[in-house]
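S.K.: Read off the chains here:
Protein chains: 2
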Amino acid sequence: MSVDYAQLVKTGIALTDAALERLLPGTATQPHNIHRAMRHSVFAGGKRLRPLLVIESARMIAGDLPDGAADVGAAIEMLHTYSLIHDDLPALDNDDLRRGKPTCHVVYGEAMAILAGDALQTLAYETLAKLSGDAAAKIEIVKEVAIATGTGVGSEGLAPGMIGGQVMDIEGEGQKPTAELVEAIHRSKTGALITVSIVAGGLIGGASADEVMHLRRFGQRAGLAFQIVDDILDVTQSSAELGKTAGKDTASDKATWPAVFGLDASRETAAELLRDGLAELAGFGARADALKAVAKALVERTN
Amino acid sequence: MSVDYAQLVKTGIALTDAALERLLPGTATQPHNIHRAMRHSVFAGGKRLRPLLVIESARMIAGDLPDGAADVGAAIEMLHTYSLIHDDLPALDNDDLRRGKPTCHVVYGEAMAILAGDALQTLAYETLAKLSGDAAAKIEIVKEVAIATGTGVGSEGLAPGMIGGQVMDIEGEGQKPTAELVEAIHRSKTGALITVSIVAGGLIGGASADEVMHLRRFGQRAGLAFQIVDDILDVTQSSAELGKTAGKDTASDKATWPAVFGLDASRETAAELLRDGLAELAGFGARADALKAVAKALVERTN
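Quick note, the sequences are listed as chains A and B, same order. In case it helps, the working numbering puts the first sequence at residues 29 to 331. In case it helps, the working numbering puts the second sequence at residues 29 to 331.
Same shape as in the complex, but just chain A (with noise of 0.2 angstroms):
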């Protein structure tokens, strides 16, 4: 693969802020405080991993980087920050940092935390509902996303969305976790979004079914991969290494990969289901480096 993948983000990254910039309510808009909170939490130094993601299998299904493919990744980044600013309140993780900035309720107080976190997932179905073109392809991201990030009401039983691993996740904290458990958490927590970035992506490039069917399959294995390389990192690396906390999954008792597993067997199913995704993407020839490079640098990166 002679794929940049420097290049890829920072291109990723260019066209995901444009398209926050121009969607999000400016701060000067009525009512001010809750679009300034909006905008402290969205634009603070994400890696924009998820709408890269987006970017990189729309552009791989449709040739060319389709309309409305950098609006999908700023919807699901919106998704994603909503459910990091509700996390960081008080009464779920209480984290005052993140990415070394005070979180949103440390600045703007806990009520507009909360409103900032609702009005940001409000935004991303008004964003998807107002991308051109096909209704069909609109209504079935739509649809896609909500079971993503839904509790569990999906077509899957085994893999419920975004809501549904959190709810694991805390309810499971200071109990010996399963490996039905953590494998049901990582799915859903992170997994679930990871998948759905990599789908939507497809929708909006113009995807087959069967097209849509392979990058599930790849996104389902390279969004667990992704969780236990974050399990890994947590108990492996340093707090300055990782720009976080280092160990506090530990500490907390959390569902972790090498709790139940070990560090050794969890590098192992971290490798196994980046090859397995990757051959996913088989059919799709050398179109595939670009999303193939991004999927390799998530689960090999090390912070």
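A few of these clues could be false.
Each pair may be met inside one copy or between any two copies, as identical chains are not told apart.
Here are the computed lysine-lysine pairs in the DSSO-like style, where the Cα-Cα straight-line distance is at most 30 angstroms [said to hold, decoys possible]:
(1) Lys158 x Lys171
(2) Lys38 x Lys204
(3) Lys282 x Lys129
(4) Lys75 x Lys171
(5) Lys129 x Lys204
(6) Lys171 x Lys324
Derived by calculation from the structure, the hints in this document are not laboratory data.
Go by the hints and put chain B onto chain A.
M.R.: Okay, now just chain B, sitting in the frame of chain A:
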């Protein structure tokens, strides 16, 4: 008008509750607690006014109750319920009781109440995306609903959505309310969701652009009148008559219509808005009788 209003309400509640029962995951669905929390608040005895507006608007346009109208009503009720759950949180209004029952966070804790509200918003969009029928109508409903419940990104700068109204309401507390502020809060916090109920009902019924325009104008007037009446009742009725704490708005210095304009002018304005709203339905002839009866009942109610 020979409409049996009590019968309309009974049918509306039955249709809505059946849809909600079918759409909300059961309490035996993992993770249990969030589904219990969602059902606790959704089935806490709401009057289902917004779904009733959806149903009667859809019925007027389509001639008979169209497929999906009850589900659109259920989706809007989920959004209404999510806003109540988050409003009641300690960081916002800090209400322990609603409709005489303990609020969501009192029973399930703050973390679960935040996530249950989040999940109801998500499930509303999943519900809308899964409607059968015309994709263009569905995506239009998603767009209208998202704008009506957002912060003010809509096409009308003067009428932000539900969350925008909530923010202005919180920020306005303790300040002397102006006529502009109280109108902006009422139009957005309550009026926008009532208006979109009527518009979405029309859309699922197949309304033309001209019909949607009249429905929207009717909804804006009925929605504002509804909230003015709410303010009047807060001043004039006892807690027992209201089934909630009377005088709470005054006690917390909320921006209310009577506080700015006085009781008599408030009553006149509500009656005028109702009259102007009903006039928008003139073109529908006798087909509008049921929808008119609902609007009249909302404005002429005593609790």
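S.K.: Now look at each hint and say whether the structure bears it out.
M.R.: Verification of the supplied hints:
1. Lys158 x Lys171: both (15 angstroms within a copy, 7 angstroms between copies)
2. Lys38 x Lys204: Neither: 41 angstroms inside a copy, 49 angstroms across copies.
3. Lys282 x Lys129: within (23 angstroms within a copy, 34 angstroms between copies)
4. Lys75 x Lys171: Classified as both: same-chain Cα gap 25 angstroms, cross-chain 28 angstroms, threshold 30 angstroms.
5. Lys129 x Lys204: Neither way: Lys129 and Lys204 sit 32 angstroms apart in one copy and 35 angstroms across, limit 30 angstroms.
6. Lys171 x Lys324: within (28 angstroms within a copy, 36 angstroms between copies)
Hint check: violations occur at hints 2, 5; the rest are consistent with the structure.
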